[in-house]
Amino acid sequence: MNSYILGLISIYYLAFLFIVAYQAEKKSKNAKSIVSNPNIYALSLAVYCTAWTFYGSVGRASTDGLDFLAVYIGPTLVMFLAFPILLKIIRICKTQRLTSIADFISSRYGKNRSLGVLVTIICLLSGIPYIALQLKAISNSFGILTRSLLNSNILVDHTFYIVILLILFTILFGTRNVEATERHEGMVTAIAVESIIKLIAFLAIGMYVTYWLFDGFEDIYNKAKLLQAAKKNFVVENESGMSMWFWHTLLATMAFLFLPRQFQVTVVENVDEKYINRAMWMFPLYMLLINIFVMPITLAGGIIFNGQAVNSDMYVLSIPLHFSDESLAILTYIGGFSAATGMIIVETIAISVMVSNNLLMPIFLGIPASKDLINLNPSRVIQFMRRFSIALIIFLGYFYFKFITEKYSLVSIGMTAFVVVAQFAPSVLGGIFWKRGTQKGAMAGLVGGTVIWFFTLIIPSLVSSGVISDKIMTEGLFGVSLLKPYELFGMTGMDNISHATFWTLFFNIVLYFFGSLCSKQTSIEHNQAVLFVDVFQYSKGIENSVVWRGKALVSDIMNLLESFLGTSRTERIARVFATRNNINLNTRYADARFVNYSEKLLSGIVGTASARMMVSSVAKEEEISLNEVVEILKKSQELMAVNKELKQKSQELKLLTEQLQAANEQLKFTDKLKDDFLATVTHEIRTPLTSIKALSEILYDNEDIEHSERQHFLNTIIKESDRLSRLINQVLDLEKFESGKVKVAKETLNLEEIIIDSIESIEQLAKDKGISIITKIDKKLPKFEGDRDRIMQVMLNLLSNALKFTEGNKGTITITAYKQDDNLYVNVIDDGAGIAKQYQELIFDKFYQAHDQTIKKPKGSGLGLAISKRILELHNGEIWVESEVGKGSKFSFSIPIE
Amino acid sequence: MKQQRAIAITIFLVCLLNFPLLSLFNKTVFIFGMPLVYVYVFSVWAVGIIVIAIIAESKNVEETQEHE
Numbered sequence: 001m002n003s004y005i006l007g008l009i010s011i012y013y014l015a016f017l018f019i020v021a022y023q024a025e026k027k028s029k030n031a032k033s034i035v036s037n038p039n040i041y042a043l044s045l046a047v048y049c050t051a052w053t054f055y056g057s058v059g060r061a062s063t064d065g066l067d068f069l070a071v072y073i074g075p076t077l078v079m080f081l082a083f084p085i086l087l088k089i090i091r092i093c094k095t096q097r098l099t100s101i102a103d104f105i106s107s108r109y110g111k112n113r114s115l116g117v118l119v120t121i122i123c124l125l126s127g128i129p130y131i132a133l134q135l136k137a138i139s140n141s142f143g144i145l146t147r148s149l150l151n152s153n154i155l156v157d158h159t160f161y162i163v164i165l166l167i168l169f170t171i172l173f174g175t176r177n178v179e180a181t182e183r184h185e186g187m188v189t190a191i192a193v194e195s196i197i198k199l200i201a202f203l204a205i206g207m208y209v210t211y212w213l214f215d216g217f218e219d220i221y222n223k224a225k226l227l228q229a230a231k232k233n234f235v236v237e238n239e240s241g242m243s244m245w246f247w248h249t250l251l252a253t254m255a256f257l258f259l260p261r262q263f264q265v266t267v268v269e270n271v272d273e274k275y276i277n278r279a280m281w282m283f284p285l286y287m288l289l290i291n292i293f294v295m296p297i298t299l300a301g302g303i304i305f306n307g308q309a310v311n312s313d314m315y316v317l318s319i320p321l322h323f324s325d326e327s328l329a330i331l332t333y334i335g336g337f338s339a340a341t342g343m344i345i346v347e348t349i350a351i352s353v354m355v356s357n358n359l360l361m362p363i364f365l366g367i368p369a370s371k372d373l374i375n376l377n378p379s380r381v382i383q384f385m386r387r388f389s390i391a392l393i394i395f396l397g398y399f400y401f402k403f404i405t406e407k408y409s410l411v412s413i414g415m416t417a418f419v420v421v422a423q424f425a426p427s428v429l430g431g432i433f434w435k436r437g438t439q440k441g442a443m444a445g446l447v448g449g450t451v452i453w454f455f456t457l458i459i460p461s462l463v464s465s466g467v468i469s470d471k472i473m474t475e476g477l478f479g480v481s482l483l484k485p486y487e488l489f490g491m492t493g494m495d496n497i498s499h500a501t502f503w504t505l506f507f508n509i510v511l512y513f514f515g516s517l518c519s520k521q522t523s524i525e526h527n528q529a530v531l532f533v534d535v536f537q538y539s540k541g542i543e544n545s546v547v548w549r550g551k552a553l554v555s556d557i558m559n560l561l562e563s564f565l566g567t568s569r570t571e572r573i574a575r576v577f578a579t580r581n582n583i584n585l586n587t588r589y590a591d592a593r594f595v596n597y598s599e600k601l602l603s604g605i606v607g608t609a610s611a612r613m614m615v616s617s618v619a620k621e622e623e624i625s626l627n628e629v630v631e632i633l634k635k636s637q638e639l640m641a642v643n644k645e646l647k648q649k650s651q652e653l654k655l656l657t658e659q660l661q662a663a664n665e666q667l668k669f670t671d672k673l674k675d676d677f678l679a680t681v682t683h684e685i686r687t688p689l690t691s692i693k694a695l696s697e698i699l700y701d702n703e704d705i706e707h708s709e710r711q712h713f714l715n716t717i718i719k720e721s722d723r724l725s726r727l728i729n730q731v732l733d734l735e736k737f738e739s740g741k742v743k744v745a746k747e748t749l750n751l752e753e754i755i756i757d758s759i760e761s762i763e764q765l766a767k768d769k770g771i772s773i774i775t776k777i778d779k780k781l782p783k784f785e786g787d788r789d790r791i792m793q794v795m796l797n798l799l800s801n802a803l804k805f806t807e808g809n810k811g812t813i814t815i816t817a818y819k820q821d822d823n824l825y826v827n828v829i830d831d832g833a834g835i836a837k838q839y840q841e842l843i844f845d846k847f848y849q850a851h852d853q854t855i856k857k858p859k860g861s862g863l864g865l866a867i868s869k870r871i872l873e874l875h876n877g878e879i880w881v882e883s884e885v886g887k888g889s890k891f892s893f894s895i896p897i898e
Numbered sequence: 001m002k003q004q005r006a007i008a009i010t011i012f013l014v015c016l017l018n019f020p021l022l023s024l025f026n027k028t029v030f031i032f033g034m035p036l037v038y039v040y041v042f043s044v045w046a047v048g049i050i051v052i053a054i055i056a057e058s059k060n061v062e063e064t065q066e067h068e
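Listed in order, the protein sequences are those of chains P and R.
For the record, in the first sequence the residue sitting at position 502 is 502 according to this note's numbering, with numbers rising by one throughout.
For the record, in the second sequence the residue sitting at position 39 is 39 according to this note's numbering, with numbers rising by one throughout.
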């Protein structure tokens with residue numbers, strides 16, 4: 001294939017990535033963030049699968065069989081443990097505004113600068129060969145596709161131009177904001193897209209080989225069984241194979257957590273802690289999918305190129321080329337290209353932040369002349385440093401590839417990088433679970449582990465490239481046979497990587513623990529240790545707890561912030577912080593909390609160590625003793641707890657007050673009703689009393705009154721007295737019901753009899769008024785239990801009410817009685833004035849008349865219905881009314897038969 | 001709760017995917033034409049993913065409050 005076409009394809013692909021990233025950034029500016037999506041987050045983690053996965057897995061599988069999977073099983077297992085480990089690291093980084101693994105370690109161990117430098121150097125040692133590895137993969141695949149030989153002249157080397165493009169891309173999307181805590185949304189989206197592309201490409205080649213060239217998995221394995229060389233791929237070979245599997249899994253576990261690029265996408269670029277839930281299973285699933293076809297491709301390559309000298313690292317490309325399927329070969333090339341570029345971009349951004357914050361910035365701040373430059377335009381300075389670091393790292397990777405890696409396979413470089421990155425494990429994991437870990441311990445562990453790494457893995461590679469003589473390999477260091485790089489202290493039977501993993505971690509852990517136990521923590525170290533280990537306890541209170549004491553002018557701190565954040569942003573941030581924490585910023589000296597907060601803000605931009613340098617340059621710090629720090633933290637913790645308790649108490653009080661208020665209202669209302677009732681009753685009593693008094697006075701004053709008239713007056717007096725006594729009886733009755741003194745004398749009753757009796761007693765009255773009474777009583781109504789007099793009272797009450805409201809001479813009263821279900825029903829229907837809807841409920845209320853003085857008062861006391869209601873309640877019955885104004889009313893009651 | 005379950009499952013998986021349990025399946029036996037040890041590793045892997053997915057995506061459990 002023409003190399004220009006393939007070069008163009010590569011450029012088009014990068015242009016496509018530019019567009020994707022650009023669109024994502026644009027959307028995030030319009031607050032429609034694409035990255036706030038758990039799927040994007042999970043996919044971006046797949047930056048773990050680099051060109052090494054894409055090409056190297058097959059190469060690895062062909063030499064070591066099953067072992068290639070260990071590199072993916074490890075991350076799977078650690079991902080399943082995301083809750084206790086990853087979540088904690090993410091929370092710590094968010095509360096402390098940490099943006100890299102170097103910041104993390106230096107911040108945990110007392111914001112120590114030299115630790116940050118050491119971690120950065122280790123990251124460079126692992127990162128640059130790893131980037132070189134990606135470039136080598138790009139270059140090799142390009143070479144195979146175009147069938148050209150590698151050209152040592154840089155200017156005609158296509159990889160060189162790809163490197164330039166990659167630098168541009170990384171600078172463009174990696175350094176838009178000086179604040180490293182701000183996420184790189186465009187970059188993350190591009191990485192997620194790349195993850196999809198490389199998966200599709202690999203699955204495509206896998207299916208092509210398995211189902212197009214062969215007849216499924218079974219076919220490949222059956223044919224491979226005939227090959228002598230493939231035998232070792234079917235089982236893990238002996239004991240050493242098993243131990244290799246174990247060590248490689250462990251190694252990959254740690255590498256996955258601490259590789260700079262993984263730390264970047266998993267921790268720094270995490271938008272929401274909840275996304276972990278999705279990533280926990282989606283990322284392992286991704287790795288499972290990308291590995292399904294590795295073995296079939298390996299075996300197929302072995303079968304197809306049996307006996308030929310074809311590099312197994314490049315089977316995925318060589319197979320389609322062998323069968324002249326160029327389009328598929330190009331797809332594979334793009335997949336590998338995306339795997340490689342993804343890794344380079346993220347790794348470079350991650351390391352560049354470390355290099356500029358931990359190496360360049362402190363050096364720069366140390367130069368006296370830097371002050372002027374920083375004051376002039378500090379964010380420009382930082383941006384320049386980042387960009388410079390990015391270009392530097394990628395170029396270093398390129399030169400490493402150009403002049404050193406030619407001799408090694410993809411795998412050995414990758415594994416070597418893994419081992420050095422794993423050196424972070426004791427300090428980080430110890431740092432988040434063990435408060436006693438100290439700066440000296442961490443330093444000792446890291447240095448020890450790295451030295452052993454250099455001895456067991458780098459020296460042999462230097463030997464094989466001829467830099468040093470191979471005497472050291474056979475005779476050991478200084479001729480001591482116990483110090484052979486591959487057989488340290490005489491340990492044999494392990495592969496180089498497992499051997500190195502074991503010894504580096506052994507020395508690292510031992511030094512870390514002993515170093516920690518033998519040294520004392522300073523107050524700041526202890527302070528940070530508590531904040532890290534108990535992050536879930538303190539994460540809310542960290543901002544408020546004063547773990548810093550000293551004197552700093554407000555103006556100094558503000559100037560410092562302004563130079564990095566700009567005037568308007570600084571003012572806004574300060575205002576928000578001041579109101580939230582109730583701090584006055586118009587004083588001469590700054591509040592300790594504000595100084596603390598400012599330092600954290602700055603550390604998001606220039607890294608922990610530099611931020612600390614800058615703040616201490618304007619502040620006079622006082623040492624806080626260890627006890628004080630603990631005291632302060634405890635106090636803020638207690639305060640928070642007390643606060644929470646108080647809040648809860650006041651909530652309860654509020655509820656109680658509300659309840660009391662409601663009860664009070666109810667009481668007031670009842671009281672008013674009582675008053676009104678009394679007023680009504682007295683009024684009702686006064687009416688007959690007045691007429692009795694008036695008539696008696698007339699009789700008393702006029703002795704010559706005619707006999708007939710006297711009789712009439714006396715008759716009225718008797719009637720009024722009756723009414724009075726009836727009223728008083730009713731009031732007494734009602735009170736008896738109210739107080740529950742009434743007992744019903746239950747006997748077996750016949751409803752029909754009661755109705756007829758009650759009609760009889762009012763028949764004369766009805767006749768006098770000219771009202772006709774109709775009865776419709778079902779035959780054979782069952783008997784029921786009740787108090788005869790009381791039921792009679794109800795009937796009479798309803799009947800007399802009906803009589804009162806029915807117009808004389810033409811009205812009718814209908815009485816019906818029937819049984820339905822287990823109840824007896826009685827209706828008393830009149831065609832009188834009717835009752836307006838709003839009063840239908842109220843008329844059964846003894847206070848009804850008093851409720852609204854505008855209601856036209858009916859004749860009588862108005863207590864009859866209230867009494868009837870009580871009576872029926874005592875019989876477990878009910879009373880209600882249906883009525884319409886002008887059409888009459890229907891009073892009904894029901895009594896259960898029992 | 002969610003956290004404890006995930007940890008328990010992971011410990012179990014670590015055992016399943018390591019020596020000596022792994023060596024039980026490390027034989028020259030073929031299932032569906034594929035070597036036993038591959039079928040075993042991939043199935044344990046897949047089942048692990050499914051189980052963890054069920055645990056991780058369950059909504060009812062308070063996964064963050066637990067720490068606070």
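Rather than coming from a laboratory, the hints here were simulated on the basis of the structure.
Please read these numbers as outputs of a predicted model, since none were measured by experiment.
No residue lacks a Cβ here, since even glycine has one placed at the ideal position from N, Cα and C.
Warning: the hint list may mix true and false statements.
[As the list claims (entries may be wrong)] Restricting the straight-line Cα-Cα distance to at most 27 angstroms, the calculated cross-link-like pairs of lysine-lysine (DSS-like) are:
| # | chain 1 | residue 1 | chain 2 | residue 2 |
| --- | --- | --- | --- | --- |
| 1 | P | K668 | P | K741 |
| 2 | P | K654 | P | K741 |
| 3 | P | K225 | R | K2 |
| 4 | P | K804 | P | K668 |
| 5 | P | K804 | P | K769 |
| 6 | P | K743 | P | K654 |
| 7 | R | K27 | P | K223 |
| 8 | R | K27 | P | K94 |
| 9 | P | K600 | P | K440 |
| 10 | P | K674 | P | K654 |
| 11 | P | K26 | P | K274 |
| 12 | P | K551 | P | K600 |
| 13 | R | K2 | P | K274 |
| 14 | P | K654 | P | K88 |
| 15 | R | K2 | P | K435 |
| 16 | P | K88 | R | K2 |
[Unchecked claim] These stretches of chain P come out as covered by chain R in the derived footprint (C-beta under 8 angstroms, 3 or more residues):
| # | segment |
| --- | --- |
| 17 | 77 to 84 |
| 18 | 713 to 722 |
Hints and how they fare:
no.	hint	result
1	P:K668 / P:K741	holds (25 angstroms)
2	P:K654 / P:K741	violated (39 angstroms)
3	P:K225 / R:K2	violated (45 angstroms)
4	P:K804 / P:K668	violated (34 angstroms)
5	P:K804 / P:K769	holds (10 angstroms)
6	P:K743 / P:K654	violated (43 angstroms)
7	R:K27 / P:K223	holds (19 angstroms)
8	R:K27 / P:K94	violated (48 angstroms)
9	P:K600 / P:K440	holds (24 angstroms)
10	P:K674 / P:K654	violated (30 angstroms)
11	P:K26 / P:K274	holds (25 angstroms)
12	P:K551 / P:K600	holds (17 angstroms)
13	R:K2 / P:K274	holds (13 angstroms)
14	P:K654 / P:K88	violated (38 angstroms)
15	R:K2 / P:K435	holds (26 angstroms)
16	P:K88 / R:K2	holds (15 angstroms)
17	77 to 84	holds (count 6)
18	713 to 722	violated (count 0)
Hints 2, 3, 4, 6, 8, 10, 14 and 18 from the earlier list are contradicted by this structure; the remaining hints agree with it.
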